[in-house]
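**Student:** First residue of the sequence shown: 1, per UniProt numbering; consecutive thereafter.
These are calculated hints, taken from the structure and not from any lab test. Careful, some of the hints might be misleading.
Label-pair ranges, simulated between beta-carbon atoms [stated by the list, open to error]:
#1 Arg-146 with Gln-231: 20 to 26 Å
#2 Glu-252 with Thr-74: 51 to 57 Å
#3 Ser-209 with Val-98: 57 to 63 Å
#4 Glu-240 with Glu-179: 25 to 31 Å
#5 Thr-271 with Ile-73: 54 to 60 Å
#6 Glu-94 with Ile-143: 23 to 29 Å
#7 Ser-209 with Phe-64: 56 to 62 Å
#8 Lys-100 with Lys-211: 34 to 40 Å
#9 Gly-70 with Gly-235: 50 to 56 Å
#10 Lys-211 with Thr-107: 32 to 38 Å
#11 Ile-166 with Glu-234: 39 to 45 Å
#12 Glu-252 with Phe-64: 50 to 56 Å
The calculated EDC-like cross-link candidates involving lysine to aspartate or glutamate, where the alpha carbons are at most 20 Å apart (straight line), are [to be verified]:
#13 Lys-141 with Glu-162
#14 Lys-71 with Asp-190
#15 Lys-84 with Glu-117
#16 Lys-142 with Asp-80
All values reported here derive from a predicted model rather than from experimental measurement. Glycine included, every Cβ here is placed at the ideal spot set by N, Cα and C.
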Amino acid sequence: MAALGSRDREFVKGQDIATNFAFFCHDHIRTKCSIKEFLCFVVGVYEKLAKLQGKGLINIMILFVILNSGKNITLIVTRDYTVKNVKQKIEELEGIPVNKQRLVYITEEVHNDKKLEDYDFQSEGVMFLCMTLFVILLSGKKITLRVFGNDTVESVKEKIQELEGIQVSKQRLVYKTEELDKEKKLEDYDFQNEGTMYLCMTLFVVVLSGKTITLRVSRDDSVKNVKQKIQEREGIPVDEQRLVYTTYELRENHKKLPEYNVQNDGTMYLTMRLPG
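Using the sequences plus the hints, can you model the full thing?
**Tutor:** Listed below in structure tokens is the structure:
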């Protein structure tokens, strides 16, 4: 194997991108160099990149980034890269805007203006691209959580319990129109960054036969949504339903449940709408 001379070592600089380095090795020593194998050649000796970096012989580092989808991408960086530089590389590769990215290294969210060396980043380290999740509680309060695509619904509920004291067993979460299974992962529901979940309520509806049915609803549900759920369960057309909560008829289909002060574990009564 040919060796790199002193002039060659001066030519290969830490800030060179991986492809430049690979082409240099190919052109000067007629040897293919794969950064993915973490090999580099210095005066005829080949060693793992992390070991060379530790000796101060080379400034290049490998950074793995796990995306929300679970996809793993590899970046070539240096210790003086800022977090923003890293995010710009991710945007170039994956099309995710810098301002939509939140990166976590070990357990700490990293900030744009800081350098990798500020976080004692080591070669072959792993960062995770996390998502922002908004959760609307029964009170209407909105909380913000930091989550990952491979987080389970149960782990999200545990975060809510830590923040708000609501027991996991008492929580029912809805994303879009679907109640979430605690054993499934967020990625199973195609959850997107800055998406909103609702902590849903239990609503009892006493139908004409005297039977009580139980519905899962959210604060964002309208009266019409509730009637549609009843139609799905009982086959009663929406336009034939008349709903009463406490002493008030829920006349306006477009209104949301909080506008009628509907509470968790509340009971509605279904009567038939008279023709004419």
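**Student:** Against the 20 Å threshold, does the CA-CA distance of Lys-141 and Glu-162 hold or violate the hint?
**Tutor:** 15 Å, holds
**Student:** Measuring from beta carbon to beta carbon, are Thr-271 and Ile-73 in 54 to 60 Å?
**Tutor:** For Ile-73 against Thr-271, whose Cβ atoms are near 59 Å apart, the range 54 to 60 Å holds.
**Student:** Is it true that the C-beta distance of Lys-211 to Thr-107 lies inside 32 to 38 Å, as the hint says?
**Tutor:** 50 Å, violated
**Student:** With respect to the beta-carbon atoms only, verify the hint that Glu-94 and Ile-143 lie 23 to 29 Å apart.
**Tutor:** 28 Å, holds
**Student:** Assuming the hint says 50 to 56 Å, is it satisfied by the Cβ distance from Gly-70 to Gly-235 or not?
**Tutor:** 41 Å Cβ-Cβ, so the 50 to 56 Å window is violated.
**Student:** Would you say the C-beta atoms of Arg-146 and Gln-231 sit inside 20 to 26 Å of each other?
**Tutor:** 39 Å, violated
**Student:** Lys-142 and Asp-80: Cα distance at most 20 Å?
**Tutor:** Between Lys-142 and Asp-80 the Cα gap is close to 38 Å, so the pair fails against 20 Å, i.e. violated.
**Student:** Does the alpha-carbon distance linking Lys-84 and Glu-117 stay inside the 20 Å limit?
**Tutor:** 13 Å, holds
**Student:** Given the hinted pair Lys-71 and Asp-190, is their alpha-carbon gap at most 20 Å?
**Tutor:** Measuring from Cα to Cα gives roughly 14 Å; hence the hint holds.
**Student:** Starting from the range 56 to 62 Å, see whether the pair Ser-209 and Phe-64 falls in it by beta-carbon distance.
**Tutor:** 60 Å, holds
**Student:** Just to be sure I understand the hint, the distance between the Cβ atoms of Glu-252 and Phe-64 should be within 50 to 56 Å; is that true here?
**Tutor:** 53 Å, holds
**Student:** Is 25 to 31 Å respected by the C-beta to C-beta distance linking Glu-240 and Glu-179?
**Tutor:** Roughly 26 Å apart at Cβ, these two residues keep to the hinted range, so it holds.
Violated hints, in rising order: 1, 8, 9, 10, 11 and 16; the structure is consistent with all others.
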